[in-house]
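> When the letters of the sequence shown are read in order and numbered with the UniProt record's numbering, they come out as residues 1 to 367.
Among the hints, erroneous ones may be present.
[Said to hold, decoys possible] Label-pair ranges, simulated between beta-carbon atoms:
#1 S176 - L332: 40 to 46 Å
#2 S121 - S204: 34 to 40 Å
#3 P231 - I101: 49 to 55 Å
#4 S195 - R133: 47 to 53 Å
#5 L158 - R29: 20 to 26 Å
#6 L307 - Y259: 17 to 23 Å
#7 D120 - T32: 25 to 31 Å
#8 T271 - N8: 24 to 30 Å
#9 S188 - P321: 53 to 59 Å
#10 K134 - G105: 43 to 49 Å
#11 L307 - T10: 34 to 40 Å
#12 I169 - D35: 26 to 32 Å
#13 S204 - G353: 52 to 58 Å
#14 E193 - D24: 24 to 30 Å
Keep in mind that the hints were calculated from the coordinates and are not lab data.
Glycine included, every Cβ here is placed at the ideal spot set by N, Cα and C.
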Amino acid sequence: MILSQKLNSTDKWKEYKETIPEFDNTSIRADTLLDHLNMTKDTSDYLWYTFRSSLNTSNARSMLNVHSHGHVLYAYVNGVHQGSAHGSHGNRTFTLEKPVILHKGPNNIALLSATVGFPDSGAFLERKVAGIRKVSIQHNDFTNYLWGYQVGLLGEKLEIYTDNGLNRIQWKKFGSSSRRPLTWYKTSFDAPEGSDPVVLNLGSMGKGQAWVNGQGIGRYWMSFHTPKARPSQTRYHIPRSFLKRTGNLLVLLEEEMGYPTGITVNTVSITKVCHYVSESHASAAQISCPQNQKISQILFASFGTPLGDCKSYTIGNCHSPNSRAIIEKACLGREDCNINLSKHIFGGDPCPGITKSLLVDARCSRH
Numbered sequence: 001m002i003l004s005q006k007l008n009s010t011d012k013w014k015e016y017k018e019t020i021p022e023f024d025n026t027s028i029r030a031d032t033l034l035d036h037l038n039m040t041k042d043t044s045d046y047l048w049y050t051f052r053s054s055l056n057t058s059n060a061r062s063m064l065n066v067h068s069h070g071h072v073l074y075a076y077v078n079g080v081h082q083g084s085a086h087g088s089h090g091n092r093t094f095t096l097e098k099p100v101i102l103h104k105g106p107n108n109i110a111l112l113s114a115t116v117g118f119p120d121s122g123a124f125l126e127r128k129v130a131g132i133r134k135v136s137i138q139h140n141d142f143t144n145y146l147w148g149y150q151v152g153l154l155g156e157k158l159e160i161y162t163d164n165g166l167n168r169i170q171w172k173k174f175g176s177s178s179r180r181p182l183t184w185y186k187t188s189f190d191a192p193e194g195s196d197p198v199v200l201n202l203g204s205m206g207k208g209q210a211w212v213n214g215q216g217i218g219r220y221w222m223s224f225h226t227p228k229a230r231p232s233q234t235r236y237h238i239p240r241s242f243l244k245r246t247g248n249l250l251v252l253l254e255e256e257m258g259y260p261t262g263i264t265v266n267t268v269s270i271t272k273v274c275h276y277v278s279e280s281h282a283s284a285a286q287i288s289c290p291q292n293q294k295i296s297q298i299l300f301a302s303f304g305t306p307l308g309d310c311k312s313y314t315i316g317n318c319h320s321p322n323s324r325a326i327i328e329k330a331c332l333g334r335e336d337c338n339i340n341l342s343k344h345i346f347g348g349d350p351c352p353g354i355t356k357s358l359l360v361d362a363r364c365s366r367h
């Protein structure tokens, strides 16, 4: 990966703090907690649950308890962020418990439920649920209470991640006020020279979404680590077709407390391609180099039962000794090649009666 541009100039960044809705400003009302998926209907990841509660005493320290069926929850009391919680892939349900300070008189509680994708198939799909299921403050249960709802965020509704929607709100200078979760950031950058793939390194961010010239490039979640204590992904591909030569608009919705000045634009030079396919799933393997590159070397080839994957591999108990020679003859000097998974191509069946696979690792070089 080659560094192309650092986006570390605070003067080039602008920010907009997403509006935290209040109960009085909501148009959808219900006397109970409604399902997230049924309310948003795949139009947004976000659903606001709001209600108003009055106290006769001031500075009452109480415990806010929210049970959710997923996926993520952010809690606000009188517009101030109180905390967040989330489930996991194996168990999406979770409970948020936070001590909060309530004022004398009316208090506005806003709970933002967020999802990180929807199931698109499977049995009993119509029974899938998400969102808040129970809410209590101290010993008061607000589950069957008058709730106000807002589907999506204001920034989404106004499409402030596009050129047309950009000026529908007032952007402020980056760092002009105290940092807080749920903030939009924008800047611009020039496209890197050349034709290599372009990626955005979002390793300095927390959780949110990113757009380039109005095109979404995906959700990111840097603060949620794998068992190896690191994010599962930090680099996000920007198709060259999304980019202009100069002045590309980058907008991010940061749900947590990320640092946009740590973002970089990089290019990726692909020098190796690997293909691993079983004859039970496909009849041929295709090896293809990036544009303006050709296959210059076969690093590994095995037709039989190769062990491992494209990251780490070795010859298995079943292996055709002609594998490398056959692949070299079919692929060297070409931008791409197709190899049929046939015992006749490889000069016979190295292990009759066993399902065989082909693993090829090749090096690409410029013409």
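> Each hint: holds or not?
Verification of the supplied hints:
no.	hint	in the structure
1	S176 - L332: 40 to 46 Å	violated, 59 Å
2	S121 - S204: 34 to 40 Å	holds, 35 Å
3	P231 - I101: 49 to 55 Å	violated, 33 Å
4	S195 - R133: 47 to 53 Å	holds, 51 Å
5	L158 - R29: 20 to 26 Å	holds, 23 Å
6	L307 - Y259: 17 to 23 Å	violated, 42 Å
7	D120 - T32: 25 to 31 Å	holds, 28 Å
8	T271 - N8: 24 to 30 Å	holds, 28 Å
9	S188 - P321: 53 to 59 Å	holds, 56 Å
10	K134 - G105: 43 to 49 Å	violated, 25 Å
11	L307 - T10: 34 to 40 Å	violated, 51 Å
12	I169 - D35: 26 to 32 Å	holds, 30 Å
13	S204 - G353: 52 to 58 Å	holds, 54 Å
14	E193 - D24: 24 to 30 Å	violated, 53 Å
Comparing the model with each numbered hint stated earlier shows that hints 1, 3, 6, 10, 11 and 14 do not hold.
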